[in-house]
Amino acid sequence: MTKQIISVTINGARQTHEVEPRLLLIHYLRETLGLTGAHIGCETSLCGACTVELNGKAIKSCSMFAVQANGAEILTIEGLASADGKLHPMQEAFWNEHALQCGFCTPGMIMVSKQLVERNPHPTDVEIREGLDGNLCRCTGYQHIVNAVRAAAKAGA
Amino acid sequence: MATTVTRIEKLVGKRLRRKEDPRLITGTATYVEDIKRPGMQHAVIVRSPHGAANIKGIDTTKAAALPGVSAIFTGKDITHVGSVVCGADLPGLRKPVHHILAQDRVYFVGHPVAVVVASDRYIAADAADLVEVDYDVTQAVTDPEKALAPGAPAVHPEWPDNTAFLYHQTGGDIDKAFADADVIIKQRITSQRLVPNAMETRGVVAEWLQADRALTLFTSTQIPHLARTILAGQLGIDENRFRLIAPEVGGGFGSKLNVYAEEALMGFITMKINKPVKWIESRRENFQVTIQGRGHVDYFELAAKRDGTMLGLRLKLIQDLGAYHQLLTPAIPTLSVLMMPGLYNFRNIDADVVGVFTNCVPTDAYRGAGRPEATHGIERMVDLLAAELNMDPAAIRFKNFVQPDQFPFPTATGLNYDSGDYGATLQKAMDMIGYDDLRKQQAAARAAGRLMGIGISTYGELCAFGPSPATPAGGWESATVRIEPTGKVTVHTGTSPHGQGQETSFAQIAADELGVPMDDIIVLHGDTAIIPYGIGTFGSRNTAVGGPALYYALQDIKEKVKKFGKMLLDAEEVTFENGVCRDPKTGKEITIQTIAGAAYRAMKLPPDTDPGLVATKFWEPSNFAFPFGAHIIVSEVDRDTGEIAIKRYVAVDDIGNQLNPLLVDGQLHGGAAQGLGQALWEQAVYDDNGQLITGEFMDYCMPRARMMPWIESSHTVTPSPVNPLGVKGVGEAGTIGSTPAMVNSVIDALSTLGVRHIDMPLTNEKIWNLVNGAKA
Chain C
-16 MTKQIISVTI NGARQTHEVE PRLLLIHYLR ETLGLTGAHI GCETSLCGAC
34 TVELNGKAIK SCSMFAVQAN GAEILTIEGL ASADGKLHPM QEAFWNEHAL
84 QCGFCTPGMI MVSKQLVERN PHPTDVEIRE GLDGNLCRCT GYQHIVNAVR
134 AAAKAGA
Chain D
185 MATTVTRIEK LVGKRLRRKE DPRLITGTAT YVEDIKRPGM QHAVIVRSPH
235 GAANIKGIDT TKAAALPGVS AIFTGKDITH VGSVVCGADL PGLRKPVHHI
285 LAQDRVYFVG HPVAVVVASD RYIAADAADL VEVDYDVTQA VTDPEKALAP
335 GAPAVHPEWP DNTAFLYHQT GGDIDKAFAD ADVIIKQRIT SQRLVPNAME
385 TRGVVAEWLQ ADRALTLFTS TQIPHLARTI LAGQLGIDEN RFRLIAPEVG
435 GGFGSKLNVY AEEALMGFIT MKINKPVKWI ESRRENFQVT IQGRGHVDYF
485 ELAAKRDGTM LGLRLKLIQD LGAYHQLLTP AIPTLSVLMM PGLYNFRNID
535 ADVVGVFTNC VPTDAYRGAG RPEATHGIER MVDLLAAELN MDPAAIRFKN
585 FVQPDQFPFP TATGLNYDSG DYGATLQKAM DMIGYDDLRK QQAAARAAGR
635 LMGIGISTYG ELCAFGPSPA TPAGGWESAT VRIEPTGKVT VHTGTSPHGQ
685 GQETSFAQIA ADELGVPMDD IIVLHGDTAI IPYGIGTFGS RNTAVGGPAL
735 YYALQDIKEK VKKFGKMLLD AEEVTFENGV CRDPKTGKEI TIQTIAGAAY
785 RAMKLPPDTD PGLVATKFWE PSNFAFPFGA HIIVSEVDRD TGEIAIKRYV
835 AVDDIGNQLN PLLVDGQLHG GAAQGLGQAL WEQAVYDDNG QLITGEFMDY
885 CMPRARMMPW IESSHTVTPS PVNPLGVKGV GEAGTIGSTP AMVNSVIDAL
935 STLGVRHIDM PLTNEKIWNL VNGAKA
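If you're matching them up, the sequences are chains C and D in order.
Just so you know, the first sequence maps onto residues -16 to 140 in my numbering.
Just so you know, the second sequence maps onto residues 185 to 960 in my numbering.
Hints were generated in silico from the structure; no laboratory data involved.
On a predicted model such as this, the values are computed, not experimentally measured, just so you know.
Some hints here could point you the wrong way.
Unchecked claim - Residues from chain D shown here face chain C by an in silico Cβ test under 10 Å; the list is partial:
no.	residue
1	GLY197
2	ARG201
3	THR210
4	ASN381
5	GLU384
6	PRO656
7	GLN851
8	ASN873
9	GLN875
10	ARG890
11	GLY918
To be verified - Here are some, though not all, of the chain D residues that point toward chain C, as calculated from beta-carbon distances under 7 Å:
no.	residue
12	GLY434
13	VAL798
14	ASN841
15	PRO845
16	LEU846
17	ILE877
18	PHE881
19	MET886
20	ALA889
By construction, the Cβ of each residue, glycine as well, lies at the ideal position given by its N, Cα and C atoms.
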C-alpha cells in the first residue's frame, strides 16, 4: 500500500511520519508515537475510550484515519497536565471525586469532560450526563464522574 | 538517615483519594496493549462464524503467502497442549475436552479455529481473512429449555441429552413445609445472559526465552498465580520459570477470573517461533468468546402461611452452561442454591439444578455469580406472596427476617450467616425515602391514572471466599510487608486489584499499624515473580480476605520492630505507637525508621532474632462474610412510550466496617449500574443458529450516564466477627441488591393492570405491550 506523509502537531510538538492510508489515528498515536493514554475499547466509536482533542474538538480516534488528521493539532491525555506536572483541573477533579476505578475509560472521559465544561461552564447534572453520553464506563456507575465534572466546573476548569 | 514522621490520626475509615490514580488520570498506566517487546509479532485468531459445524478442511496457503506472515497454526498443531481447564467439580460432571484450537468441529460462534501470526497487526488481520475454512454446518441449539427437550440437537454428540450435570440439595423438611402451607406461590423467573464488558478487553503478550527455558506472560487477569499454575500445566513448562504478570487491568467483573484458550495459545506460539507475540481481543471477540454471566431459567415454589410466614422454598434451576466449561462454569449455579433463602427465617429448601450444554459461549462468574440470580428469585417471590396476601412488601419482609439475636444463623442450605440486623437496613431505607408518605403519593397517582411503583429488595450475599474446603482453589490470601532500611514500606498482596483501590486501602491499614505516612507505603500486586502465591481478586474477597492477611503480617512485623526497639533503647519493655518505640520507664523513644536501619545494618541483634524486617502471612477465614442491605426504587412508567423513569433510588448497605468510604461508594454505584443494566437494558441474545445478535455496543445496551439515576446511599455497620478488621466485602453488593428493587418497582407500578411478573430486561417495548395489551 502506498504510504503517505502526514504532519501533525501533537501536544505542542510537530510530528511527521510516513503512514499507510488505512492506519487508524488511534494506532498512529499509540503505535507510532507511543502515546498509549488513549485506549481502544470498541473500535466502533461507541465507547469513547479513544477520545482525543483534534483542532479543539473531542473526537473518537478509533474512527478516523491518521491521514485525515494531516495538518491538525491534537491534544491527548498525556498533554493535558502542564510541563511541570501540574494537573489540569479536570484531572484533579477526577482524582478528588474518585471518578475512576480501573482507569481504562478515564483518559477519554477526562478529554470529553474538558470539552463539556469548555462549551458549557455551568452545566446542570442533566447536562453533564448528556455530555458524557458518548463515553462508557463499566466501573463507576457515573455518579462520581458527574461529581467530578460538576466540581471542575465550579473550580472554573 | 530517614526523616522522622509521626502521625496520630488514624487513616482507616477516612475518605481518601487513591494512590493509584496519578498514573491513570495522566494516561501513563501500562495495560497489556501498551506493552511492546523487541521483535514482537501480532496474532489474530480465525474464529467460527457458525454455532455448530464440522470442519472439513482448512486451507492456509493464501494466508501464508502474504508478506509479513510468520506463522499459522491450526488444531492439528496444538494437540499436545493441555485443554482449557475447568476447576469446578460436581458428582458425575461431564467435562468436554476443549482444545485451545478446534479439532474436527466447532460448537459456538467465536470458537477459535486457527491463529495467524505476523509482524504487524494489520497484516495479521489481512492474513486471517485469507484463511479458508470449509464447514459442514449442523443444527445448533441455544435455548437451554429447548436443549433439554427430546430430539434436540446434541451440542456434544457423545451426550445427546445435553445434560452436563444434575445437582440436588435439600434442607429441613420441604414436604412438611408444603403440607403445612396455606398458600403456595409458583413462578418461572429467568435471569438472562449478560455480557460482562470490562472496558479493557482481554489481551496477552507472551515472551519465551529459550536459553533459560523461561516464559514471561502478561495477561489481563484477576488471578495471576492460579493462571500461572494452570497455564504451566497446559504448556508443560516449569512454574518457577514462568513469570505471569497482570499489569494494569481495565476491569474484570469476573470475566477475567478465568484461564482462557488464548493465554495458552500465546504461550504456545512464542515457544514455537521464539519471538514475543501479542494478541489483543477485539470488542466483537469479547462479546463472543469471553464468558457471559447468569443464563438461568428458574422455577420457584414458595410455601407460606396466610399470615405471611414463609415456610419453605422449592427451586428447579436450569443453568445454561454454554458449549463447554470455563474455569468455574458448573459451580456458579450451586452458589445460587446456597443463597436461595435470602434473609428469611425459614429452614426448608429443596433445589434441583440441571446444567445444560448449548451452542453458546460458556457462562461463568459475572459480578455476583449465582447470588444475583438467587436474590432476584427470592425477592420476586416475596413480592408475589405479599401481593397474593394483600400485604405490604415491607411488612412481609420484617415478619420473615432472621432476627439480630439469631446469629450465627445456620441456613437450610448449610451456610452460617455471620452477623446482621436486616430490619435496621430496611427501616433506614424506608425512613430515608419516606415510605409511608410514598405509598400515599402512589395512591393519589393511581387515582389520577399514573403508573407509579415502589420496589423493595432486601438482599444478602455470601462473599469473601474462604475457608479453603469451601472453595475450588484455596480460600486464603497472602500478604508480605517489607520495611526497607530507610523505613519506607513495601506491601505485597496476593490479591490482584484492578480498580477496587487496594493500593490505597491496604496502605491505610499499613499506615495505621506502623505509624508511617501513606506516601511512605507502596502496595504491589499481580506479578508472580515478586509476589508470594496468592489466590486473586473475585467474590468481594480483596478486603475481607487479603486485608486480614495484611493485618496479621503487620502484627508480626510490629513484634519484630519492638524487639529491636527494646534492644536499641536498652529497655525491659517498650510500647509501639505512631511509628515510635518508647520505653515507658525512661521516656526514651526511637522511631521505626531508625529501627529499620539498625535491623538491616545488624551490628547487634536482639536474642533469637534474624536481621531484616520482612513478614509474610498466609491467612484463611473460618467462614464466609455476609453483607446485606435494603434498596428501594421509586419508578414511573409512561403509558404512551413504555419508558421507565427512575424517580428515586435509596440504598442502605451493611458491609461491616469500611476502610475507605469513598471507595465503598464507588463499588456500590458501579454495582448498582450493572444490576440496573440487567433489570432494564442488557441481554445477550443468540438466535437459533447460534449467532450472537447482540454482539456489539450498538446492539447490546450498556448503561450510560444519562440512563443512571442518582443513588442516595447510606449504611448501617455490623462488623463481621469472621476477621479482625470486621469487614464484609462490597464488590458485588450493589449488583445483587439493585436488580430486584428495580423489577419489583416496575411490577408494582403495573400491578393495577394485573401484571404479576415480568422477565428481564424490562425494555420499553415489553412494557408498552403490557400496558397497551392490558388496555385492550
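Legend entry - Index of numbered hints that the structure contradicts, given in increasing order: 1, 6, 8, 9, 13, 14, 15 and 17
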